[in-house]
Amino acid sequence: MSYFKELWDGIRTTAQGLRLTGGYLTKKGVYTIQYPEETLPIDKVTHRGIHEYDVDRCISCENCAKACPVDCIYIESAPDEKGKPSKGKAAIMTRFDIDYSKCLFCGLCVPPCPSECIQLGERYSLPGHTRDDMVVHFHEGGYPIQEKTEHAKSMIAEFRTENLYEKKRKERADRGIPTLRPAE
Amino acid sequence: MSATHPGSGGYIVPTRDVASEELVLNMGPQHPATHGVLRVAVKTDGEVVLDCEPMVGNIHRCKEKIAENVTYVQFMPYTDRLDYLAAMNNEECYARAAEKLLGLKLPERIEYLRVIFAEAGRISSHLMSIGTYGLDVGAITPFLYCFREREEANHLFEKISGGRMLYHYMRIGGVARDPDDAWIQRLLQFLDQVEEKMDEYNTLMTWNKLFQERTMNIGVLSREKALAFGITGPALRASGIDWDCRRDDPYGIYDRFKWEVPVADGKHGTLGDCWNRHYIRALEMKQSISIVRQAIDKMPKANPDELPPPESPHKPFLAKGVPRSLQAPKGAEVYVRSENPRGELAFYMVSDGGKSPYRVKVRGPSFCNIALLPEVTRGYLLSDLVAIIGSIDIVLGEVDR
Amino acid sequence: MTVTEIGALLKERFGEKILEVVDDERHGHVRVAADAWVAVATFLRDDPRTRMEMCHDVTAVDWIEHFDVVVHLYSLAKKHKVALKTKTPSRDDATCPSLTGVWPAADWHERETWDLMGVRFTGHPDLRRILLPEDWEGHPLRKDEGNPLEYHGIPGIAAIRGAEERLREEELAKKKQRAGGHPGPHPAVGSHPTDGVTPGVKP
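Residue numbers (the working numbering), protein chains in the order written: chain A, 1 to 184; chain B, 1001 to 1401; chain C, 2001 to 2203.
Chain A on its own, in the form it takes in the complex:
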């Protein structure tokens, strides 16, 4: 007898489940998206994707590299008159590489930056065939920064009044450093 009872229980509970899933046939609502064509909306303020970096505003203080838990940021700046690497507002960056095969996307590099020239952006796709493809050369531009804070905006205004952007562009061009980012 218990065999038939178990059989009946199996049919009954499965029918309950089928009724539940069947109910979704008529309900409206989309839970899947066609990924490459459609993408999920991304929170522009908080999302931690590939970095955005402003090469002209960087003062080469290396605070971000020191804060990085995996040491994936490589910074070098051109020598100044005394032959030492240039620091501060006049710094000319010759290298700002981030190795995304190591990066944790933890965001610890962002808070220590005094000039707020580095932040995590909304891009997340970085396919490549080799490990070298994972190294992004930010000093060549390529990932323009979206200003999020008042402090950053005031810094930009300061740089503009002192004509630092143009000066730096010129100097970079003299040294033969490519700048992919269009002039403002």
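Calculated from the structure, these hints are not laboratory results. Idealized CB from N, CA, C, for every residue including glycine. Errors might be hidden in some of the hints.
For lysine to any residue, the following SDA-like pairs were computed, each having C-alpha atoms within a straight-line distance of at most 20 Å [stated by the list, open to error]: (1) Lys1197(B) with Leu20(A); (2) Lys1315(B) with Cys61(A); (3) Lys1355(B) with Pro1329(B); (4) Lys2079(C) with Gly1240(B); (5) Lys102(A) with Asn1058(B); (6) Lys102(A) with Asp133(A); (7) Lys1043(B) with Ile1059(B); (8) Lys1315(B) with Thr149(A); (9) Lys1355(B) with Gln1327(B); (10) Lys27(A) with Asp1199(B); (11) Lys1159(B) with Cys61(A); (12) Lys1043(B) with Ser1325(B); (13) Lys2143(C) with His2066(C); (14) Lys1320(B) with Glu1306(B); (15) Lys66(A) with Ser1325(B).
Here are the computed distance ranges between Cβ atoms for each label pair [to be verified]: (16) Pro2048(C) with Ser1312(B): 58 to 64 Å; (17) Glu1022(B) with Glu37(A): 31 to 37 Å; (18) Pro2048(C) with Leu1382(B): 40 to 46 Å; (19) Phe4(A) with Leu1382(B): 27 to 33 Å; (20) Pro2048(C) with Ile42(A): 56 to 62 Å.
Mind docking chains B and C on chain A? Use the hints.
Relative to the frame of chain A, chains B and C by itself:
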């Protein structure tokens, strides 16, 4: 050769005098049912598991050594990668261990935020466990339904922390960002949604006869064995032991909330079987929902004297007086544990007065729980092994560390 | 029971074998002589006043001259906890009696401690490596153990600063060899940070 199958309620594995011999099978490391890169060497006789041995360490990266070489703050993102399905809970435990070591006091609001996020993380993690357990025993629909809800949890966490899986939200002495009212409202909606859909999972899985046949009386873990092997979390409570370190050894502010600790009573199936472990998780989600609601009700506003708003949106939301460079007193050591979705996670930290910890030991609950796999699988069928591994619910990031 | 009470209980029973009782708010522990290690553990488990049913964790700390083996015990029935500590005789003779016979839970923890720290637990039935491969040399959590930079032809990742800085110096030197001031549009091409790490370099 004949073998009685202890979990089949009297059914006997077909017996006929056919020649059989022991065979060692490798399950994994690339096996969908092992929840990651776990390799189980199984000694079988036909379909019956005679013995098995979990071979762990495939994704070992020695995070404990890394911890000795980075600062206290820099180790926080690594804790996300321990139990990557419940990153919030790991962070919470590590932050509490580091704060205890450094002697930091937390403002009320941060304490409440910790509880809210840890419990929301538990709901998100249990959704994953329940969904994938359905997948393990052959039901695809619950997995899709659970992911529908987990997707909303991912959106919520992304909105506040920026990450969908590895949040890096908790910081030593604070959190990354203070949630606003709109976010809290969305969290409450999410809780309502999960509570409503809980019945669907139970209809599809818990009370389904076919699911019960696959899981009831399988992988029975007795009370004594559970204690002796140091099992913690839902697996311990499924064996009938009334222990939850949130209630019995309260940490943080868990003593301010009222909730019930679900413990298996053996009314359905056998005490300590796969079905009970699954059902305890389903019940725990309900209690977590209740804790989050209580915490949101009681949460005070931020007092700017002890918890100033961050200067810029890039900066974390930290309590006043948290030094920028953290250094623990020489010779200090702590052992802090917390109730994670998979058991009790604990951090043992020793300081020598430097900027990085002298020694960090991570006691991963999955590591201790998977150690007893041979004990619970002996004598069951090979297909039950999948159900048992799924019900113990391991995450290999934490086993291998 | 507090750690002081448990310590007093143990002192009464074991006398001089209990070396130190520290009832710290952070980490209360009892230091035990190594020859009474198993006896103290068995007593704590079986005595009705302590009833430490759960062995939460077994681990070791490297103090250069010796290793400290630390066990964290909890009682679910009595809701109290204590940590036990013991010293290995020396760094070269890093041995400690095994607790596997008292709590089966200690099995994997002791294997892990042997694997990563190199503390040999005498009386352990199956002391093998657990997380690392069988042919691994050394015990990575020892303080004098460097970063392995090569394993079966796989270059080790330079997660530790010293190696990383060395690498940058090497890259700089390579760049100086090239003509001109600017290193070229792709300075990282052909020299990934994990390539070119010479084996045997300890930071």
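So, going through the hints one by one against the coordinates:
1. Lys1197(B) with Leu20(A): holds, 11 Å
2. Lys1315(B) with Cys61(A): Holds. Lys1315(B) to Cys61(A) sits at ~18 Å (cutoff 20 Å).
3. Lys1355(B) with Pro1329(B): holds, 10 Å
4. Lys2079(C) with Gly1240(B): Holds: Lys2079(C) and Gly1240(B) sit about 17 Å apart, inside 20 Å.
5. Lys102(A) with Asn1058(B): holds, 19 Å
6. Lys102(A) with Asp133(A): Given that 20 Å is the threshold and the Cα spacing comes to 12 Å, the pair holds.
7. Lys1043(B) with Ile1059(B): violated, 24 Å
8. Lys1315(B) with Thr149(A): It holds: about 11 Å lies between the C-alpha atoms, which stays within 20 Å.
9. Lys1355(B) with Gln1327(B): Holds. Lys1355(B) to Gln1327(B) sits at ~5 Å (cutoff 20 Å).
10. Lys27(A) with Asp1199(B): Within the cut-off at roughly 18 Å; holds.
11. Lys1159(B) with Cys61(A): Violated, because 31 Å separates the two Cα atoms, which is more than 20 Å.
12. Lys1043(B) with Ser1325(B): violated, 53 Å
13. Lys2143(C) with His2066(C): holds, 11 Å
14. Lys1320(B) with Glu1306(B): Given that 20 Å is the threshold and the Cα spacing comes to 5 Å, the pair holds.
15. Lys66(A) with Ser1325(B): holds, 12 Å
16. Pro2048(C) with Ser1312(B): 58 to 64 Å: Holds, since Pro2048(C) and Ser1312(B) (Cβ atoms, about 59 Å apart) stay within the stated range.
17. Glu1022(B) with Glu37(A): 31 to 37 Å: Between Glu1022(B) and Glu37(A), where Cβ atoms are some 53 Å apart, the hint is violated.
18. Pro2048(C) with Leu1382(B): 40 to 46 Å: holds, 43 Å
19. Phe4(A) with Leu1382(B): 27 to 33 Å: Holds: the Cβ-Cβ distance is about 29 Å, inside 27 to 33 Å.
20. Pro2048(C) with Ile42(A): 56 to 62 Å: Holds: the Cβ-Cβ distance is about 60 Å, inside 56 to 62 Å.
Hints 7, 11, 12 and 17, counting from the list given before, are not met by this structure.
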